[in-house]
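Q: For the sequence shown, the positions run 1 to 365 when my numbering is used.
Warning: the hint list may mix true and false statements.
As the list claims (entries may be wrong) - The calculated SDA-like cross-link candidates involving lysine to any residue, where the alpha carbons are at most 20 Å apart (straight line), are: (1) 346 with 129; (2) 8 with 116; (3) 80 with 53; (4) 90 with 63; (5) 20 with 79; (6) 80 with 23; (7) 90 with 79; (8) 222 with 262; (9) 346 with 178; (10) 92 with 116; (11) 80 with 46; (12) 277 with 340; (13) 222 with 201; (14) 123 with 63; (15) 20 with 213; (16) 341 with 308; (17) 222 with 261; (18) 252 with 263; (19) 277 with 252; (20) 80 with 18; (21) 49 with 5; (22) 175 with 207; (23) 20 with 181; (24) 12 with 129; (25) 233 with 246; (26) 16 with 57; (27) 8 with 80; (28) 90 with 46; (29) 12 with 35; (30) 210 with 350; (31) 16 with 210; (32) 20 with 81; (33) 12 with 346; (34) 252 with 262; (35) 8 with 35; (36) 175 with 350; (37) 90 with 118; (38) 222 with 246.
The hints are simulated quantities; they were obtained by calculation from the structure and are not laboratory data.
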Amino acid sequence: MTDEDYMKLALKLARKGLGKTSPNPMVGAILVKDDRIIGQGYHQRYGGKHAEINAFQNASESLSGVTLYVTLEPCCHYGKTPPCVDEVIKNKIGRVVIGGIDPNPRVDGRSVAMLKQHGIETKVGVLEAECRNLNEAHFKYMTTRLPLVTLKFAQTLDGRIATATGDSRWISSDKFRRLAHRLRATNDAVMVGIDTVLADNPRLTVRLVKGRSPTRVILDSKLRIPLDAEVVKHQDAAPTIIATTPRGNKEKLTQLRQMGIEVLLTQEDRSGEVDLKNLLSLLGERNISSVLVEGGAGVITSFLSQSLADKLIFAVAPKIIGRGIEAVGELNIREVGQAIKLSFRKIYRAGEDLVIEAGVNPPLG
1 MTDEDYMKLA
11 LKLARKGLGK
21 TSPNPMVGAI
31 LVKDDRIIGQ
41 GYHQRYGGKH
51 AEINAFQNAS
61 ESLSGVTLYV
71 TLEPCCHYGK
81 TPPCVDEVIK
91 NKIGRVVIGG
101 IDPNPRVDGR
111 SVAMLKQHGI
121 ETKVGVLEAE
131 CRNLNEAHFK
141 YMTTRLPLVT
151 LKFAQTLDGR
161 IATATGDSRW
171 ISSDKFRRLA
181 HRLRATNDAV
191 MVGIDTVLAD
201 NPRLTVRLVK
211 GRSPTRVILD
221 SKLRIPLDAE
231 VVKHQDAAPT
241 IIATTPRGNK
251 EKLTQLRQMG
261 IEVLLTQEDR
271 SGEVDLKNLL
281 SLLGERNISS
291 VLVEGGAGVI
301 TSFLSQSLAD
311 KLIFAVAPKI
321 IGRGIEAVGE
331 LNIREVGQAI
341 KLSFRKIYRA
351 GEDLVIEAGV
361 NPPLG
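Take these sequences, add in the hints, and give me the full structure.
A: Written out as structure tokens, the structure reads:
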């Protein structure tokens, strides 16, 4: 097997940590000796042992002289666990093959330099694009301190997310709704605007799949949220952050905080609404490295118009509504050349729906 073959296996292992390691990256490690895999491991949960340590502890024979395949540069600093690079050196690993450099400023090539200083053959950049894509939230967060933003919505073939009366149940299929819950489970936060809360009173938790529920972020510039809203009542299900502005109702703000709800006062944008860039910065300060934006249309439009979205995941249902609520509103684009450009990453079926995953070009952050 080639270095690429072993790195593919390490990537497969790393994906097992999806939704469990943030704000740490997902990492997989494989130990190879005489063309045999003698140990493997992955980072299973935040605060737990790193992939390399799990692989070392699972090894079936001596580690001296083995080749370590790891999807991301080993850490070289003390965090929740000791530095992994020290263990690599101590165990006399003969060769290290790394998918990509860790953009964490506390690492960022330092471990590679240490390995080479200790005479360990080190190869960097094997399946680098795949390793980077696996941890795109980590890469953006570490380089910008801002979370990766994914816009998620379901629309009809003619681009509507609801009828003219506001009815939207159900545009998408059961399978796409299950996918939406999986996306919640793999993001640190889920975000909606106050209009969505007032119209649908959603719980915004993970129910249709296994996984932890993300922090719920509500955009509410005037603090119109009812005190009996589902996202307010059930803090045991998931924490809620309400983002508001100095215009927010002061009495409501006091009541919410007395209920244990975190209320973030943000700057106002030119429309007097929550300044999204400021909010993303505040969320980043709270170790939130990925945000799933579920709408409504005004929120989706705001993220796109302000160039704050990194990805789109949307379902196109085989339905036509005609006049209704558009998925994306006014972007002040007057020429086709001004259009927001996307790069399709995946196109697949979920039930009867067509699902498109796309990156926003140029890459943001």
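Q: Indicate, hint by hint, whether the structure satisfies it.
A: Each hint, compared with the structure:
no.	hint	verdict
1	346 with 129	holds, 15 Å
2	8 with 116	violated, 24 Å
3	80 with 53	holds, 13 Å
4	90 with 63	holds, 10 Å
5	20 with 79	holds, 17 Å
6	80 with 23	holds, 12 Å
7	90 with 79	holds, 19 Å
8	222 with 262	holds, 15 Å
9	346 with 178	holds, 18 Å
10	92 with 116	holds, 13 Å
11	80 with 46	holds, 8 Å
12	277 with 340	holds, 18 Å
13	222 with 201	holds, 17 Å
14	123 with 63	holds, 18 Å
15	20 with 213	holds, 11 Å
16	341 with 308	holds, 13 Å
17	222 with 261	holds, 16 Å
18	252 with 263	holds, 10 Å
19	277 with 252	violated, 24 Å
20	80 with 18	holds, 19 Å
21	49 with 5	violated, 25 Å
22	175 with 207	holds, 13 Å
23	20 with 181	holds, 15 Å
24	12 with 129	holds, 14 Å
25	233 with 246	violated, 24 Å
26	16 with 57	holds, 18 Å
27	8 with 80	violated, 27 Å
28	90 with 46	violated, 24 Å
29	12 with 35	holds, 19 Å
30	210 with 350	holds, 18 Å
31	16 with 210	holds, 13 Å
32	20 with 81	holds, 16 Å
33	12 with 346	holds, 18 Å
34	252 with 262	holds, 12 Å
35	8 with 35	holds, 15 Å
36	175 with 350	holds, 5 Å
37	90 with 118	holds, 10 Å
38	222 with 246	holds, 8 Å
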